[in-house]
Amino acid sequence: MALLIMMAAIVGIVLTGFLVVLINSPGKLPPLTDERGNVIPGSLSEKTWVEINGITQGMFIRGENPQNPVVLYVHGGPGTPMLQFITAMEKSERLEKYFTVCYWDQRGSGMTYAQSKDPSALTVEQMVEDTREVTEYLKSRFGQDKIYLLGHSWGSYLSVKTIEKYPENYLAYIGVGQTVNLPESERLSYDFMLGHAKEINDKEVVEKLEKYDPRAADFPSLEYLFKVRTGILEKYGRGRVREDGGATFPKILQAFFRFKGYTLREKIDWFLGADFSGVILFPTVLLKDNLMLSSVKFEVPFYILQGVYDGQCSPMLAERYLDTLEAPKKGFYTFAHSAHSPNMEEPEEFVKVFRKIASENPGI
20 MALLIMMAAI
30 VGIVLTGFLV
40 VLINSPGKLP
50 PLTDERGNVI
60 PGSLSEKTWV
70 EINGITQGMF
80 IRGENPQNPV
90 VLYVHGGPGT
100 PMLQFITAME
110 KSERLEKYFT
120 VCYWDQRGSG
130 MTYAQSKDPS
140 ALTVEQMVED
150 TREVTEYLKS
160 RFGQDKIYLL
170 GHSWGSYLSV
180 KTIEKYPENY
190 LAYIGVGQTV
200 NLPESERLSY
210 DFMLGHAKEI
220 NDKEVVEKLE
230 KYDPRAADFP
240 SLEYLFKVRT
250 GILEKYGRGR
260 VREDGGATFP
270 KILQAFFRFK
280 GYTLREKIDW
290 FLGADFSGVI
300 LFPTVLLKDN
310 LMLSSVKFEV
320 PFYILQGVYD
330 GQCSPMLAER
340 YLDTLEAPKK
350 GFYTFAHSAH
360 SPNMEEPEEF
370 VKVFRKIASE
380 NPGI
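In the numbering used here, the protein residues as written are 20 to 383.
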């Protein structure tokens, strides 16, 4: 009898959780509201699909005034669109107050995943062309000659390759958690984690890390990245977010299931896309290319915004990269209380810095 009661309780919890997710998955963005909860007149908060290079690709577009300059947000991962996390940590000061921001779900990701399951099409060359086509759509729709390109993590790599090929489309490039040389960045993170674990006598972490050789030719493996490194970085406050040693991320992950912009099917696709894109693009692209060698000359103003505690993309390598490259203007900004996502962790300061960059590079 006790076993039956326990099983019934488990089934009840699972069903309740499923219903909560289902109710919170209408697949429609809520309107933008002010600090009092009132809908902002004339504001834009929509979910839309656009035909991009032969497939239908999804995006969210938000802005308090559609006449404002446009920002294309190129998400990280690979394969992890970010609006649901950004809104979970959103404050009253947000980019959408000053810019119209497009959060595009890339090929192989999120609500675009169902349209793009062909592994052979998931290449940097194809995704650069996708980025250009999304840019052209935004320029045409909002009547602007150029826009701002914001690349986060993997998105910073894709954005660098895009501005290199199509500089005429962009007022400025802003890299957040800038990817430069992933193998070297991972070695630096490994050294930090192992040293810190020994310092605080975290024997479990020491044991996990010492199974891997950071100087080996095949380091880092996908197994190490996904099953070992990510969890340890979160534990030590060097992962996606810094606050509370990474404890904030489970809270925003919970908020993901309450995010109203995705349907239940699209939420499932989000996880499928993250796995699909990561398995393909990590080993074939990010572990192979060193931007310090392949991409160092640009015709677009180039800025990097980096959390000082970022263990996923080394701040030291990012600053060294900026010093190395050529661009009409350059700038490096650090965020003292952030890890990999200063746009979410310090939104007020992030918006302040972004507006400063925009004022230095206004639309024509």
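Just to be clear, a hint being listed does not mean it is correct.
Unchecked claim - The calculated DSSO-like cross-link candidates involving lysine-lysine, where the alpha carbons are at most 27 Å apart (straight line), are:
hint: 1; residue 1: 246; residue 2: 230
hint: 2; residue 1: 110; residue 2: 254
hint: 3; residue 1: 349; residue 2: 371
hint: 4; residue 1: 254; residue 2: 136
hint: 5; residue 1: 47; residue 2: 279
hint: 6; residue 1: 279; residue 2: 316
hint: 7; residue 1: 47; residue 2: 184
hint: 8; residue 1: 110; residue 2: 375
hint: 9; residue 1: 184; residue 2: 348
hint: 10; residue 1: 348; residue 2: 158
hint: 11; residue 1: 307; residue 2: 184
hint: 12; residue 1: 47; residue 2: 270
hint: 13; residue 1: 222; residue 2: 279
hint: 14; residue 1: 375; residue 2: 348
hint: 15; residue 1: 116; residue 2: 47
hint: 16; residue 1: 246; residue 2: 217
hint: 17; residue 1: 136; residue 2: 184
hint: 18; residue 1: 158; residue 2: 316
hint: 19; residue 1: 158; residue 2: 375
hint: 20; residue 1: 116; residue 2: 375
hint: 21; residue 1: 270; residue 2: 254
hint: 22; residue 1: 279; residue 2: 110
hint: 23; residue 1: 136; residue 2: 47
hint: 24; residue 1: 116; residue 2: 158
hint: 25; residue 1: 158; residue 2: 184
hint: 26; residue 1: 254; residue 2: 375
hint: 27; residue 1: 230; residue 2: 254
The hints are simulated quantities; they were obtained by calculation from the structure and are not laboratory data.
Results of checking the hints against the structure:
1. Simply put, residue 246 and residue 230 have alpha-carbon atoms about 13 Å apart, close enough for the 27 Å limit, and the pair holds.
2. Only pairs whose Cα atoms come within 27 Å are accepted, and residue 110 paired with residue 254 is accepted, the gap being roughly 25 Å.
3. Annotation: proposed proximity of residue 349 to residue 371 holds, straight-line Cα distance about 17 Å (limit 27 Å).
4. At most 27 Å may separate the alpha-carbon atoms for a hinted pair to count; residue 254 and residue 136 exceed this at roughly 33 Å.
5. Between residue 47 and residue 279, the direct Cα distance comes to roughly 6 Å. Compliance with the 27 Å bound is thereby established for this hinted pair.
6. For the suggested pair residue 279 and residue 316, the alpha carbons sit about 41 Å apart, so the restraint of at most 27 Å is broken.
7. A threshold of 27 Å between alpha carbons decides the hint, and for residue 47 with residue 184 the separation of about 34 Å lies outside it, so the pair is violated.
8. Under the criterion of a C-alpha separation no larger than 27 Å, the hint pairing residue 110 with residue 375 is consistent with the structure, at around 19 Å.
9. Distance hint between residue 184 and residue 348 is fulfilled; the C-alpha atoms sit about 18 Å from each other, no more than 27 Å.
10. A C-alpha spacing of about 23 Å is found between residue 348 and residue 158, which places the hinted pair at or below 27 Å, so the restraint holds.
11. Pair hint residue 307 plus residue 184 holds up; C-alpha atoms about 20 Å apart against a cutoff of 27 Å.
12. Taking the CA atoms of residue 47 and residue 270, the gap is about 22 Å. The hint holds against a cut of 27 Å.
13. For the given pair, residue 222 sits about 41 Å from residue 279 by alpha-carbon distance, which is inconsistent with the 27 Å threshold.
14. Distance restraint check for residue 375 and residue 348: the Cα-Cα separation of roughly 13 Å lies within the 27 Å cut-off, and the hinted pair is therefore satisfied.
15. A threshold of 27 Å between alpha carbons decides the hint, and for residue 116 with residue 47 the separation of about 20 Å falls inside it, so the pair holds.
16. The hinted pair formed by residue 246 and residue 217 meets the criterion: a straight-line CA distance of about 20 Å does not exceed 27 Å.
17. Our distance criterion of 27 Å between C-alpha atoms is met by residue 136 and residue 184, whose separation comes to about 26 Å.
18. With a C-alpha separation of about 25 Å, the suggested pair residue 158 and residue 316 falls inside the 27 Å cut-off, and the hint holds.
19. This hinted pair checks out: residue 158 and residue 375 have alpha carbons roughly 22 Å apart, not beyond 27 Å.
20. Taking the CA atoms of residue 116 and residue 375, the gap is about 14 Å. The hint holds against a cut of 27 Å.
21. A C-alpha spacing of about 14 Å is found between residue 270 and residue 254, which places the hinted pair at or below 27 Å, so the restraint holds.
22. Of the supplied pair hints, the one linking residue 279 and residue 110 holds, its CA atoms being roughly 18 Å apart against a limit of 27 Å.
23. Of the supplied pair hints, the one linking residue 136 and residue 47 holds, its CA atoms being roughly 24 Å apart against a limit of 27 Å.
24. Of the supplied pair hints, the one linking residue 116 and residue 158 holds, its CA atoms being roughly 19 Å apart against a limit of 27 Å.
25. Between residue 158 and residue 184 the alpha-carbon distance is near 17 Å, which keeps this suggested pair within the 27 Å criterion.
26. A distance of roughly 33 Å separates the Cα atoms of residue 254 and residue 375; the hinted pair therefore is violated under the 27 Å criterion.
27. Restraint check for residue 230 and residue 254: satisfied, since their Cα atoms lie roughly 19 Å apart, inside the 27 Å limit.
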